[in-house]
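For the sequence shown, the numbering used here assigns the number 5 to the initial residue and increments by one for each residue that follows.
Keep in mind the hints are simulated off the structure, nothing from the lab. Any given hint could turn out to be false.
[Claimed, not checked] Here are the simulated SDA-like cross-link-like pairs (lysine to any residue), alpha carbons at most 25 Å apart as the crow flies: (1) 55 <-> 85; (2) 75 <-> 171; (3) 75 <-> 108; (4) 75 <-> 28; (5) 75 <-> 117; (6) 55 <-> 163; (7) 55 <-> 162; (8) 75 <-> 136; (9) 75 <-> 173; (10) 75 <-> 163; (11) 75 <-> 177; (12) 55 <-> 164; (13) 75 <-> 88; (14) 75 <-> 146; (15) 75 <-> 8; (16) 75 <-> 196; (17) 75 <-> 105; (18) 55 <-> 117; (19) 75 <-> 38; (20) 55 <-> 177; (21) 75 <-> 175; (22) 75 <-> 147; (23) 55 <-> 192; (24) 55 <-> 9; (25) 55 <-> 191; (26) 55 <-> 89; (27) 75 <-> 93; (28) 75 <-> 172; (29) 55 <-> 140; (30) 55 <-> 193; (31) 55 <-> 194; (32) 55 <-> 8; (33) 55 <-> 120; (34) 75 <-> 119; (35) 75 <-> 162; (36) 55 <-> 40; (37) 55 <-> 121; (38) 75 <-> 140; (39) 75 <-> 165.
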Amino acid sequence: GERLDRDFILRLAVAGRDRIATSLILTPDPGDDPDEGTFTLTLVPPDGEGKPRPRDVVLVLDRSGSMHGWKIVAARRAAARIVDTLTGTDRFAVLCFDNVVERPPDLPDGLAEATDRNRFRAVEWLARTDARGGTEMLAPLEQAAGLLAGAAEPVAERDRVLVVVTDGQVGNEDQILERIGSRLTGIRVHVVG
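Can you build the whole structure from these sequences, using the hints too?
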């Protein structure tokens, strides 16, 4: 329940440490203190065994007025690349929002099969999406959570993923988290800013 307005430390146990490739890069900061610096730590787990599980992916794209210019261009590109990564075993939906929520008209309600045709239609529609309107993020996130919760197959059979592409200029984060936080159980949430 705390705001993420400061640094935090995340500690987690890692199984099979002898099987994980690591990379640590240390770069001293310019200045008088040699003990100050920046680091990048990468942990790469071993390759998974077997085929990846099919995914249900809902992509939520912010197209509000604050996304005008280069932001909407970058957001459309990121969203299109995400759609392009889907495979034939995946299902997906695309929601674009400002003060209204819209979906590609050529795709079915609910989650669409990630066929070449459906992915092309989604990418084509994303390419025509432009920035406009206000930022009302609660409604599209509620719709996205509903789509992922209402999937027909058992949750154990598919990974459920929510991807939000936004500049983050919203003012009611507490309300959003309070309203949909519990509905995101079992859903992986990724935010692209």
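Okay, the hints, checked on the actual structure:
1. 55 <-> 85: holds (22 Å)
2. 75 <-> 171: Holds: residue 75 and residue 171 sit about 8 Å apart, inside 25 Å.
3. 75 <-> 108: Holds, because 20 Å separates the two Cα atoms, which is no more than 25 Å.
4. 75 <-> 28: Between residue 75 and residue 28 the Cα gap is close to 32 Å, so the pair fails against 25 Å, i.e. violated.
5. 75 <-> 117: violated (29 Å)
6. 55 <-> 163: Within the cut-off at roughly 13 Å; holds.
7. 55 <-> 162: The hint holds at about 12 Å.
8. 75 <-> 136: holds (12 Å)
9. 75 <-> 173: Roughly 12 Å between the alpha carbons, so the hint for residue 75 and residue 173 holds.
10. 75 <-> 163: violated (29 Å)
11. 75 <-> 177: Roughly 21 Å separates the two Cα atoms, so the pair holds.
12. 55 <-> 164: Holds - the C-alpha atoms of residue 164 and residue 55 are around 16 Å apart, at most 25 Å.
13. 75 <-> 88: holds (20 Å)
14. 75 <-> 146: Distance of about 24 Å is within 25 Å: holds.
15. 75 <-> 8: holds (24 Å)
16. 75 <-> 196: holds (12 Å)
17. 75 <-> 105: holds (19 Å)
18. 55 <-> 117: holds (19 Å)
19. 75 <-> 38: Distance of about 38 Å is beyond 25 Å: violated.
20. 55 <-> 177: Not OK: residue 55 and residue 177 at ~37 Å, beyond 25 Å, violated.
21. 75 <-> 175: holds (19 Å)
22. 75 <-> 147: holds (24 Å)
23. 55 <-> 192: holds (19 Å)
24. 55 <-> 9: Judged against 25 Å, a Cα distance of about 39 Å means the pair is violated.
25. 55 <-> 191: holds (20 Å)
26. 55 <-> 89: Distance ~15 Å between residue 55 and residue 89 Cα, so the pair holds.
27. 75 <-> 93: With a Cα-Cα distance of about 31 Å, the restraint between residue 75 and residue 93 is violated, given a limit of 25 Å.
28. 75 <-> 172: holds (11 Å)
29. 55 <-> 140: violated (38 Å)
30. 55 <-> 193: holds (22 Å)
31. 55 <-> 194: holds (22 Å)
32. 55 <-> 8: violated (36 Å)
33. 55 <-> 120: Holds: residue 55 and residue 120 sit about 20 Å apart, inside 25 Å.
34. 75 <-> 119: violated (28 Å)
35. 75 <-> 162: violated (32 Å)
36. 55 <-> 40: Not satisfied, since the Cα-Cα distance of roughly 44 Å exceeds 25 Å.
37. 55 <-> 121: holds (24 Å)
38. 75 <-> 140: The given pair, whose Cα atoms are some 17 Å apart, holds under the 25 Å limit.
39. 75 <-> 165: holds (23 Å)
Violation of the numbered hints given earlier is confined to hints 4, 5, 10, 19, 20, 24, 27, 29, 32, 34, 35 and 36; the remaining hints are satisfied by the structure.
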